[in-house]
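Q: Fit chain E to the known structure of chain L by using the hints.
As a plain string of letters, each chain reads:
2 protein chains.
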Amino acid sequence: MEKIKNRLEVCLSPAIYDKHADDANLVVIVDILRATSTICAAIQNGVKCIWPVATVDEAREKKKQGYMVASERDGYVLDFADFGNSPFNFTPEIVKGKEIVYSTTNGTRCIHMAAHSRAIVIGSFLNISALAEWLIRQNAPVLIFCASWKDRFSLEDTVFAGALAERLLQSEKFESQCDAVTASVDLWNLAKPDLFGYIQKSAQKGRLASKGLDDCIEFCLTADQTNVVPAFINDRLVDIFGEKGF
Amino acid sequence: MEKIKNRLEVCLSPAIYDKHADDANLVVIVDILRATSTICAAIQNGVKCIWPVATVDEAREKKKQGYMVASERDGYVLDFADFGNSPFNFTPEIVKGKEIVYSTTNGTRCIHMAAHSRAIVIGSFLNISALAEWLIRQNAPVLIFCASWKDRFSLEDTVFAGALAERLLQSEKFESQCDAVTASVDLWNLAKPDLFGYIQKSAQKGRLASKGLDDCIEFCLTADQTNVVPAFINDRLVDIFGEKGF
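Read top to bottom, the protein sequences are chains L and E.
Letter by letter, the first sequence follows residues 346 to 591 of the numbering used here.
Letter by letter, the second sequence follows residues 346 to 591 of the numbering used here.
Fair warning: there could be bad hints in the mix.
Given that identical chains are not distinguished, each listed pair holds provided it fits within a single copy or across any two copies.
Taking lysine-lysine pairs in the PhoX-like style, the calculated list, with each CA pair at most 20 Å apart, reads [to be verified]:
| no. | residue 1 | residue 2 |
| --- | --- | --- |
| 1 | Lys537 | Lys550 |
| 2 | Lys364 | Lys495 |
| 3 | Lys546 | Lys350 |
| 4 | Lys408 | Lys443 |
Calculated directly from the structure, the hints in this document are not laboratory data.
If we strip away everything but chain L, and leave its shape as in the complex, we get (with noise of 0.2 Å):
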């Protein structure tokens, strides 16, 4: 007997988002440089929570109520907030057991737009095979959503999700029709012997060098760093990698 597989997309932007939303989707959301490589690293580093929060006004609020906030917009930390979007701002010694509560330019809004869907789960090269083993167990269609810069295709987070892409159809779980699919994974092959120096190439590598931001790229790039797999469950960020029965 054949077995059924499920449906794996790629969203190229936010733009887009609408042609692909799923009730039955997990959704993969990709913010390379920087949010979701950062989340990756706090929840790594022992933050208890991150509350991902849409607008700078909700991230304000928060830290009135007195939270550690996390808040940048187009690269430079908002002036309330405790820090900004780079990984190596989340260290254990600042963020271990906090809750913090966290807006970027892209990312969270991201987080936000595809709420209605069955799972939502932040990708990285950080966490990429933990996330792919996850994705595979759970026997459901997959929309990885690249975040991008306002609305524009991003090469770094495309390139990620050729990545991402190539493990989930080599599990021969998924299959896909969808072109995106198609040239995210060639994309990846064509950068993957040399991915930080293809990635050289990408508008976020000048954005980020024009701030003296692009420290964290070759952090952000490297595979393998952690095993969590954090979840937006009641507004909140959390590792479900060794969840049961999510």
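A: For chain E alone, kept in the frame of chain L given last:
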């Protein structure tokens, strides 16, 4: 003295168009399978002009007014239309000297979205060399606008965007800080050694094949069949390749 270069961008979906829109742009509309290939073929075959209309209702109204009408949705010829969207419909015997009203699922909508721009021209492999030459002559920013499929990313439109972008960048009259340019040029270089084979992977190939409409794919991927550069002027598409002082 360093020459000032013009901006080159690729827009991968109509859903992202407003992020790229600029009144100064020369906009190249791309809908390889099949609208923009067909428009180039029709004008090469002697059509006097094409009136692109966005909606089915407009097309039906024009038919009542006595125009020859080409109109399709999702690959199906509309009942009132003279023919659909295959380039093989527009033979010299049928179309020479005629004015044709034309409405398709994706391509004609984009022409109207970009109507604010400095100029709108039609791009396909059929006219790629003439088009590149014309664009390089204009000294203005260029946006290559992929019509895609119902706002989703489209492999064949993106590969063409890469082929055209590569020629424009090689002229050294253009510069790009757009990740969609980078990705489309890279995908074009992957596809180039066997373009027909590569496009077999596209979702649109499957859509056309399921309706027996994939007979035109090789034709639509064959470069330099014509020197026409169709442009949208006074609500009509006419050839402007030879125009002086556009």
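Q: All hints are to be evaluated individually against the structure, with a verdict given for each.
A: Results for each hint:
1. Lys537 with Lys550: Close inside one copy (17 Å), not across copies (28 Å); limit 20 Å.
2. Lys364 with Lys495: both (18 Å within a copy, 8 Å between copies)
3. Lys546 with Lys350: Between copies only: 18 Å across chains, 35 Å inside a chain, cut-off 20 Å.
4. Lys408 with Lys443: within (14 Å within a copy, 68 Å between copies)
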